[in-house]
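> Line by line, the protein sequences are chains A and B. Using the numbering used here, the first residue of the first sequence is number 1, and each one after it goes up by one. Using the numbering used here, the first residue of the second sequence is number 1, and each one after it goes up by one.
Careful, some of the hints might be misleading.
Derived DMTMM-like pairs (lysine to aspartate or glutamate); straight-line CA-CA distance at most 25 Å [stated by the list, open to error]:
#1 Lys185(A) with Asp171(A)
#2 Lys310(B) with Glu414(A)
#3 Lys29(A) with Glu200(B)
#4 Lys117(A) with Asp258(B)
#5 Lys117(A) with Asp171(A)
#6 Lys152(B) with Glu25(A)
I should point out that these hints are in silico values taken from the structure, not numbers from a laboratory.
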Amino acid sequence: MKDKYLLGFVVSICLLSCDIAGTVEPLFKQYFIKYYGEDGDQRAVDLVHTPENTLIILGNTVRSSSSQRMYLVIADLQGNVQAEKRLGVNQELARDIEPILAGPDAGNYIVLSNVKKNAADSTAIRLTVISSQGDSLKSFYYNALASQEGISVTPLSDGSYFISGKTTDTDASLNAELPIGLVDKEDQLVLYINPDYSVNYNKRIGGSAEGACIKILQGPTSSYFAGYSDKLIGSETGISNYEHNFEFKVFTSDPASGSLNFNAGTSGLPETLSAICQSNTGTFLAVGTQTVSATQSRVYAALINASFSSAVESILPISTDNYEAVHVAPSGGSRFLVTANRINAAGRSDIWVGRVTTEFVTDFQVVFGEQNTDDRASKVMELPNGDVVVLGTMNLSNQDKIALIKLKTNGRFE
Amino acid sequence: MRSVQAIVGAALIILTSLVSLAQEVTCEQVLNQATDEFNAGRFYGVPGMLANCIRDGFTREQRQRAYLLLTQVYLLLDDPIAAENSYLEVLRANPEFITDPAVDPIDVVYLSKKFTASPVFTFYGRAGSNVSINRVVYEILPSSSPVPIETKYVIKPGIQVMGGIDWNYSEHLAISAEIGWNTTTYKRERFNIFGRDRHEFIERSHWFQVPVMVKYSFDRFYKSRVRKFLPQAFAGVSIGYLFADKGELQVFNNNLGDNGLNTIIASSPSLDFLPYRNRINTSFIIGGAAKYKWKLDYLFAEIRYGFGLKNRVSNTTTFTGRPMQEYGHVDDYFRMDNLSISVGFIHPIYKPRKLKKARTKSVLKSVKKTGDDEG
Chain A
1 MKDKYLLGFV
11 VSICLLSCDI
21 AGTVEPLFKQ
31 YFIKYYGEDG
41 DQRAVDLVHT
51 PENTLIILGN
61 TVRSSSSQRM
71 YLVIADLQGN
81 VQAEKRLGVN
91 QELARDIEPI
101 LAGPDAGNYI
111 VLSNVKKNAA
121 DSTAIRLTVI
131 SSQGDSLKSF
141 YYNALASQEG
151 ISVTPLSDGS
161 YFISGKTTDT
171 DASLNAELPI
181 GLVDKEDQLV
191 LYINPDYSVN
201 YNKRIGGSAE
211 GACIKILQGP
221 TSSYFAGYSD
231 KLIGSETGIS
241 NYEHNFEFKV
251 FTSDPASGSL
261 NFNAGTSGLP
271 ETLSAICQSN
281 TGTFLAVGTQ
291 TVSATQSRVY
301 AALINASFSS
311 AVESILPIST
321 DNYEAVHVAP
331 SGGSRFLVTA
341 NRINAAGRSD
351 IWVGRVTTEF
361 VTDFQVVFGE
371 QNTDDRASKV
381 MELPNGDVVV
391 LGTMNLSNQD
401 KIALIKLKTN
411 GRFE
Chain B
1 MRSVQAIVGA
11 ALIILTSLVS
21 LAQEVTCEQV
31 LNQATDEFNA
41 GRFYGVPGML
51 ANCIRDGFTR
61 EQRQRAYLLL
71 TQVYLLLDDP
81 IAAENSYLEV
91 LRANPEFITD
101 PAVDPIDVVY
111 LSKKFTASPV
121 FTFYGRAGSN
131 VSINRVVYEI
141 LPSSSPVPIE
151 TKYVIKPGIQ
161 VMGGIDWNYS
171 EHLAISAEIG
181 WNTTTYKRER
191 FNIFGRDRHE
201 FIERSHWFQV
211 PVMVKYSFDR
221 FYKSRVRKFL
231 PQAFAGVSIG
241 YLFADKGELQ
251 VFNNNLGDNG
261 LNTIIASSPS
271 LDFLPYRNRI
281 NTSFIIGGAA
291 KYKWKLDYLF
301 AEIRYGFGLK
311 NRVSNTTTFT
321 GRPMQEYGHV
331 DDYFRMDNLS
341 ISVGFIHPIY
351 KPRKLKKART
361 KSVLKSVKKT
371 GDDEG
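Pulled out of the complex, with its shape left as it was, chain B reads as follows:
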């Protein structure tokens, strides 16, 4: 009994697949027949021929071709409203469709200039790594030494995960806002404390970041013919809120004893440094990105540099608490720059629509130029 059910089931699946295949082939044939009708100058029957397949049979690519054909048909039948509606459907099928004066009829090219599908809003996400560069405003030495104390800041990697939205003011210009989380890490080493001692301090900070930027998108890299990679430049301000901050201290207490140099290492637990930090920080950011088109979306890689504008250290708690009073650690007043590299994904929200002001001048120029070349 079970084997009979299995055979019947398999037969149904194969049959369904064949029917589906037959329908696709049919719609492709219908589209070809409609194109042939159009080329033969029989315009009136074309919309009717395509109606069924438009309703539920075409693939996205076939819909684009079908509606482009209908656009031409309606233009020739002097039905501009139907032509415009058909062209809008072309853009819905392929928001990035651009007419080519070399291939497409000039009246379609002309009509296309009244429309756009460019996204008003673009969503994106990015993630990557960063390093922080400390800019010391005031060096604060909590101790004296017969030998001058030396301080060295060492960069350490952090990470960031951000999401953003672009409001596309024009084809090239966008205002962008992001929100996300990043970590910053650095190590500070201080030498010659009390003559011979060394202090190490590693700070790990967690931030909410809200960058707001102006972005400019270029059509291509300078003089490049490749349009697969699109460059972008941006600048803006980022407001960061520090919500977690941990620091670890290691003190290498080196004493010259009877048996040479003895070192006692004292390590702190992970200490909360939030009380010693200003929670709000602002940065001026600049950067650039390269976008790679992937289907209707983009992949991108960007590099950005944030110039920290604010002193990160609270000047009211400098000498309080365990860091200073148990380990002899005091922070310099410093700003923190940040260099980050991210990769991400852009999802434009395409919106096919008629323009308030058609951009037809370029078509006229193109026609004139073609005419001059031929003459």
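Just chain A, with the same shape it has in the complex:
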């Protein structure tokens, strides 16, 4: 009889220790990598976190060489898809999405895209208002120049917008001081769009062979211009000193005539700005790529004070690999999340994500992607609860797919 009880006890213990859905912690539900896509290649561009706790993920889909459109995914915070749709017209590629803060379309989202025109390498800019369900509500098409490329859109508190970008349709009168031998390739471009989507002004900003406005930020009383160009800075002279540096300025009404406040960059080494953001405590971090040689580049960062008047600069001390800066976002405790493409010796890139302090110390860093494939970062963001969301494009078995990576605040899945 005792044997039966013993056997029953052992069997019960065994069965009670069985892993079932109720006993296994489903870590994968909250922290994960999720891929989104359809036939062909889908490449990530940007995402926003909505008040409904969904993520609107913006990308582009290339189903064949003749079919390229914007691609939108709406997912919940567990990565489950609520909607997937294509937007815009053929040969239209998304570039940025931001929430609309004010005006008639407040509560919706503005999508910036570039539409390929018939001429080679020629694009027009389109703004599309979409709902939080991803439905296209209206759009605005800007095609005043032979070619224009939007890089970012900034919705303002009065319902108007800044579009930052560049144009190859340069204004020769603005570039008269360029030395002979330096080809004027592009001008920085800023569009100011009224709440009714009419153009308030467009400004080409010259004085350099190459350059772009990356982002206009709205300050309390002024606007902040962040871009890059190869203008001479300080006491530099001579054609050889036309190399790229970060360029920051404060303006009230005209970004072209705004005072040049300050630059950031190392003399003799080119730095191109990739992104800028403002921390919770008011400081700004601008990140870009400093090219040291044909085989070495690194993430160059400029920490700008809250009044947008001076910067402390540093190279992010990551490692000896090659990096291309991609995006920066505010994180808790006046820190910043930075994402970059880490390029290996074979020229393949991985997605690098790190959090840096205002002393440029990384308190975590993590890499996604494999050495045989090209994986590229697009955006990093901290959710209100401290979770980290990374958007990128990962190459899976010869096809690009949009990758949403959600991490704990320590940068790990577990």
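Chain A is already provided as a structure; the job is to place chain B on it using the hints.
Coordinates of chain B only, in the frame set by chain A:
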């Protein structure tokens, strides 16, 4: 000279064979003579007659008969110690010898109930094939699709080689422990990924297994008179340690192009999946076997089912590394059941010995029953 040596050698071999044959015949004759002496009631000379052949002349079967004769002799001579020793020798000659009340004298039958040769320990080995059945705890889909993603697990054969030992607690009940190696294999197919793609994943795992079981041996199959095949049932727990795990992925990237459906197939090399697995797994096992007696040993065939109790997938590495980040593969959380069929060989370590408590009740019952039948 060589031919002379060959002839002499052959003669020696033939002579030796003849001498040996002559001795065997002699011991058989001695045994027959001793039996005749016993039947004639001349008991005292029997041990002396058998002494030489017992020392170095009897075959195993002859030894059994000789010692059984001596047992009867000593019982009749009222020498119980010598009788018991003789019966122990009977069991050493044939550990499976059982007295038959219909044939053997009742006092020998009675004496036999004080002894057993049943094995305390039994060694065995088995080998065979198995299939694994995955029990999904959580399905994890790493991608979205306009069409619902479907997953199918396909069983594939594995093999196992095990050795074990039974500690025979009683005639029917034993506690058994095994150690050995087995492989488990399965294929997972996932359809409609990104609308049209298909993923195939084959995993091959190598385990050390240590099952511990309670076994119950039956005397016969239900109501069967055949005792050549003996059934056995068992249940227990198996602890498995995963020491090697390889997986291969194939991605069928199907795109609807201008010329219809184009498929690009990407295959992974053999990837190490140990980092993605929990190394220790436990199973609750049940099974049955049929033993076939072969001389003093057994051949057996068994079937067993192991209910996997633990999630095999490490939940800390689900999305890391090449499988996910190069091929878009992620494992479901799953337990793994295993159905195996084995054949094997059992070698009991017989131990003839006197019982602490004689099992004589059955003899008395048998005698009483026989008496009733005759009356």
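> The structure should be examined with respect to each hint, and the outcome stated for every one.
A quick look at each hint next to the structure:
no.	hint	in the structure
1	Lys185(A) with Asp171(A)	holds (10 Å)
2	Lys310(B) with Glu414(A)	holds (19 Å)
3	Lys29(A) with Glu200(B)	holds (23 Å)
4	Lys117(A) with Asp258(B)	holds (23 Å)
5	Lys117(A) with Asp171(A)	holds (20 Å)
6	Lys152(B) with Glu25(A)	holds (24 Å)
The structure agrees with every numbered hint stated previously.
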